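A.B. asks: Under my numbering, residues 4 to 111 are what the sequence shown spells out, in order.
Think of the hints as simulated: they come from the structure by calculation, not from any bench. Some hints here could point you the wrong way.
The calculated label-pair distances, taken between Cβ atoms and stated as ranges, are [said to hold, decoys possible]: (1) Val95 x Ala5: 44 to 50 Å; (2) Ala31 x Arg75: 23 to 29 Å; (3) Ala9 x Arg75: 32 to 38 Å; (4) Ile59 x Val95: 49 to 55 Å; (5) Ala81 x Ala30: 41 to 47 Å; (6) Lys72 x Met4: 20 to 26 Å; (7) Arg102 x Pro45: 52 to 58 Å; (8) Lys49 x Phe17: 37 to 43 Å; (9) Lys12 x Leu55: 19 to 25 Å.
Lysine-lysine pairs mimicking PhoX-like chemistry, simulated, CA-CA at most 20 Å apart [claimed, not checked]: (10) Lys49 x Lys37; (11) Lys65 x Lys49; (12) Lys37 x Lys65.
Only a predicted model underlies this, so the values are computations on that prediction, with no experimental measurement involved. For each residue, glycine too, the CB sits at the ideal point set by N, CA and C.
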Amino acid sequence: MAQLNAIEKLHNKFGLSNPVRTAIVQAALETIIKIDPPRSWPREDKVRFARLDPDIREIIAKRENDRDKELRRLQTKAAEAKRLLNGTEKLVQQEAELRSTDDKELRQ
4 MAQLNAIEKL
14 HNKFGLSNPV
24 RTAIVQAALE
34 TIIKIDPPRS
44 WPREDKVRFA
54 RLDPDIREII
64 AKRENDRDKE
74 LRRLQTKAAE
84 AKRLLNGTEK
94 LVQQEAELRS
104 TDDKELRQ
């Protein structure tokens, strides 16, 4: 994609038509560059995604991938926090049971 961007910039600099945006080049790019739509998107949005320029699809796919990674990281972190909380609750419960037993023994 960087090479295509360089070709575009060079042609734009000299006021020439952009060969990268021609239908034939776009069709060739479609066969070479496979950018799948985000998995979480509904089917109708995936169809619309396929009609976007490859540049736009690449940006969207990267952002979605980054979002998915961050979501998985946060889900893992939440699961760890939940495990720690459950462990702490068990310790508190055990401590309360021990104190209750100690109190009963002292009263006798």
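A.B. asks: Would you mind marking each hint as holding or not holding in the structure?
C.D. replies: How the hints compare with the structure:
With their beta carbons about 57 Å apart, Val95 and Ala5 fall outside the hinted range of 44 to 50 Å. Distance hint check: the CB atoms of Ala31 and Arg75 are about 35 Å apart, inconsistent with the given range 23 to 29 Å. Taken as a hint, the range 32 to 38 Å holds for the pair Ala9 and Arg75, whose Cβ atoms sit roughly 35 Å apart. Remark: the range hint 49 to 55 Å for Ile59 to Val95 is upheld by a beta-carbon distance near 53 Å.
Checked against the hint of 41 to 47 Å, the C-beta distance between Ala81 and Ala30 comes to roughly 45 Å, which is consistent with it. Between Lys72 and Met4 the CB atoms are about 21 Å apart, so this pair conforms to the stated range of 20 to 26 Å. Separation of Arg102 from Pro45 is about 56 Å and conforms to the stated range, judged on CB atoms against 52 to 58 Å. Here the CB-CB span from Lys49 to Phe17 is close to 38 Å, well matched to the stated 37 to 43 Å.
At about 21 Å, the CB distance of Lys12 to Leu55 agrees with the hint of 19 to 25 Å. A hinted pair counts as satisfied when its Cα atoms are at most 20 Å apart, and Lys49 with Lys37 qualifies at roughly 13 Å. About 15 Å separates the Cα atoms of Lys65 and Lys49, which keeps this hinted pair within 20 Å; it holds. With a C-alpha separation of about 13 Å, the suggested pair Lys37 and Lys65 falls inside the 20 Å cut-off, and the hint holds.
Taken one by one, the earlier hints fail for this structure at numbers 1, 2, listed in ascending order.
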